[in-house]
Amino acid sequence: MEIILALGIGVLAGSGVWLLLRPRTFQVIIGLTLLSYAVNLFIFAMGRLRTGAPAILEVDRSGDLTHYADPLPQALILTAIVISFATTALFLVVLLVARGLTGTDHVDGAERES
Amino acid sequence: MSNATLLISLTILPFAGSLVAAFLPANARNIEAWLSGLIALSALILTTACYWSVTAGGVMRYEAQWLPTLGLNFILRMDGFAWLFAMLVTGIGLLVVLYARYYMSPQDPVPRFFSFFLAFMGAMLGVVLAGNLIQLVFFWELTGLFSFLLIGYWHHRAGARDGARMALTVTATGGLCLLAGMLILGHVVGSYDLDEVLAAGELIRSHALYLPALILILLGALTKSAQFPFHFWLPQAMVAPTPVSAYLHSATLVKAGVFLLARLWPALAGTDAWLWIVGMSGLVTFVLGAYLAIFQQDLKGLLAYSTISHLGLITLLLGLNTPLAAVAGIFHIINHATFKASLFMGAGIIDHETGTRDIRRLSGLYRFMPITATLAMVAAAAMAGVPLLNGFLSKEMFFAETIAAHDGSLVDQTLPLVATLAGMFSVAYSLRFIHETFFGPPAVALPRVPHEPPRWMRFPVELLVVACLVVGIIPELTVGPVLETAAYAVLGPALPQYNLAVWHGFTLPLLMSVAALLGGALIYRLLREHLLGGVEGPPLWRHLKSQHIFERVLVTVSWRWAGALKNLLGTRHLQVQLRLLVGTALIAALWSLYGRELAVDHTASPALDPAFALLWTVGATCAVGAACLAKYHRLAALILVGGAGLVTSITFVWLSAPDLALTQLLVEIVTTVLILLGLRWLPKRIEGIDSGARLRIRARRLGDLALALVAGSGLSLLAYAVMSRPAPSSISRFFLEHAYTEGGGTNVVNVILVDFRGFDTLGEITVLGIVALAVYALLRRFRPASDSIDIPEQQRLQNARDAAPPLRPPGTTLTDYLAIPAVIMQLMFPFIGVLAMFLLIRGHNLPGGGFIAGITMTVGLLLLYIAGGIRWVEARLHVRPVRWIAMGLLLAAGTGVGAWLFSYPFLTSYAAHAELPVIGRAPLASALLFDLGVFVLVVGAMALILLALAHQSIRSHRTPSAKATVTPPSAGET
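Going down the list, the sequences are from chains A and B. Each residue of the first sequence is one higher than the last, beginning at 1 in the UniProt record's numbering. Each residue of the second sequence is one higher than the last, beginning at 1 in the UniProt record's numbering.
Just so you know, the hints here were simulated from the structure itself, not pulled from any lab data. Virtual Cβ for every residue (Gly too), placed ideally from N, Cα, C. Take the hints with a grain of salt, since some may be wrong.
[What the hints assert, rightly or not] Pair by pair, the computed Cβ-Cβ distance ranges are:
id, chain 1, residue 1, chain 2, residue 2, range
1, B, R701, A, V59, 55 to 61 Å
2, B, L717, A, T102, 36 to 42 Å
3, A, R112, B, A777, 27 to 33 Å
4, B, I587, A, R112, 23 to 29 Å
5, B, L24, A, R112, 53 to 59 Å
6, B, R801, A, R112, 39 to 45 Å
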């Protein structure tokens, strides 16, 4: 389990970083999305992997970590997913507007001379 | 009034007045003057009322906690010395306000003047009353800031702007040095409390950091007091209105430097370093300033250099390391403030009534303004050190100090001679000031016919000149107690015996005074011919233009070097920046591994679930595929990213995180729609056309690939290393234990979001709202690139098909094509709405909650738009996302504020359960209300973003060249 997820995180992050370094704005957006999956999963992994133990308590009981998955990374990631949607949207719009202004979709706002 | 009230109101009053003055009408000269005058008068009365608390070493203190964890408190502290300065600041401030009322012309925007003036007065009082080193520096910089605004008051003049900028650059740089010095000093003493610093003199002087601290603090003080070699800014500051000069350069701004020297005298003085740096700087300034003053052709310029010289004298006195000299220094601070303020005002009157300040043009003014002339003569005599005037007394004390042997060095032995020489220079420039302005033949061709100024404009000068006289004749009765109070506050029990009498008998100092008077007259006589030649500045020296040197240094440092550095190290290319960023992150990660090893626990269960492995094979393929295709095949890349997101979502549900899985899945849908909407505005890119794979590009790609591989495998390794070892104990326990018992919900993740960490969530939804508004604002004026303006190819084909016989309205192909799905989608809307509400309400106990419900609702809305089109939906439904954002934020914040009504802290939640008919037992936590706010905001924000982008497709767009005037409909209000 762990090793598969670790490899998956690595592939997502590697693809994300590769795209992040590309010259076209669309590539960077896709890269950021992939990177955010990787980072979210990485944070999630910090709470260790559990199957069949969602952090949903029984009524009138308090829980403990031996019976339930760690809820803290989950709470962190839940808002991170929503916020990353917002940043993706903002970035997308900025790049559309920038393309309108500069006429190019290069990240520098101008094609490279070379 | 108690001490605390006195000190606080003294500090706040000028700032409050400044605020009021700023908002009065532009032509309200009288009201402004009355207001400022009353403020200054009240401050003066308050200060006077403090006198009885500070005599004989008394100290008033007010202390309020500021940053107690750092040992920083806000301390107002007044002792005798601070009292003396507060008197000067408020007293002369009052007189200057009265003077300024008549000086400023009706065309000048007076609210600005008086507002800055009062704020400056407040900053100055803040410096004087500061009982904490950091606080002192803060107000110190504030004086610099407001003096900048005051000097540059007539900002339409280039000279005023330059002078103000130079003053700010020099004094603020000094101020930064001062801050560094104060930090060292506070570190040495272990406290920033002024009282503790003053009591720790021995410790400071013997500390290894004494010299750096001293040099830094002196850089602050000497720049402020315009001491050599930082003297050049002061003459440039003469472009300020004369009331400003009279205030800044007699009693306040430049005196702040010597104030600091005297203030820290007990803590820092008494060493050779102090003697040499402070003493030498003072001596050079004293002589040089006096010499340069003789050759000025501008009345205010002459006074400016004389100010520099007198400040040099005070600095020299404080630098001599003897208590008696320090007393003389403090005494001269008072005297200089009185005669210099009156002289500046006098020069201002001459300027105001004749229209010029040029000594070469002025002459014989005695005939036209005898009273002003007499007043100026008395003040100038005080400046020259003529007996029976206050300047004489402090100068005599100074001469006496120069004679007293100190260490027998060459400088020490020649000091009396140098002092006498500088005394001669001061006599010469004072004489010149009077003689060339008021005597000689009547001036011709002046811009205005000279006459006496208005009664009340002259009044401040009269008052100050009378003070010069009274102090000069009966010092013991007038200034005696004040001086003792101030000097005692600085020197403490070490206060030496001194005699303020006018007549000490025939002594050497008297001889020096006489020599200075006669010598000065002689110098003036000898130089007269040269001075009448009308050349500005002394021989040789005038070619050394310090402001030019200053400007050249400034240009070199802040322009050339900065530019060179930018060219050397900077880049405007995002790719290079990102490469550096990723590289730095990698190095930082490796750095922490240096010398250690990444302990991977291989004993952990290597259980491989084949299904999970298969899942991630798909996920990894999707990710790599998206990375390869993102350039030429955007749609394919987008779908592959969706695949990777789906795998992530399944992973979440697999690994016991149902809330995350739901959120991820829904966000995936919305993101895909969003980017699909954006794709329409991106340029076409066809594989093969621009892929001239040159060697450089290949090398770059190879480098990026290596970087990506290292980053990916590094993160992989790190994740595995962490997962393979047992979890440390964390605060998660707390949440699990208290989620139900205190939060009233069984879904711990949701309870954390809306209850335990509700404040974080409030912040996050605020960010979400802001982002949505930013997107909306950016798109309101959206101009697409010219090649994207035409409708897309597919739409063109469809429309062409519609237009071909048999004729159908445009868009029919689309509606026909999606007819059945559209009906289903429209029918789904109410069900999705119900589902969203269900997810919202159950969120506290089961997977769901505001975020998830909000996105669900947005998806429902999106389906409606996709099925019917924008026009169809908006003809039937009022979609007002901006209002939803506002309502959601208000609801969430309001729930938090509601806790205050029951006297609980912000966002405390209340949990209960109620038995409802039909539905049964339902949770009724106040957190549900908060979650409702989250829900409404998420719907609003997401809808606003998506609709704003969608609306671009039906807007008529202007091409960059053609200027159509079609106002497009906006998403927010439709």
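Non-conforming hints, listed in increasing numerical order: none
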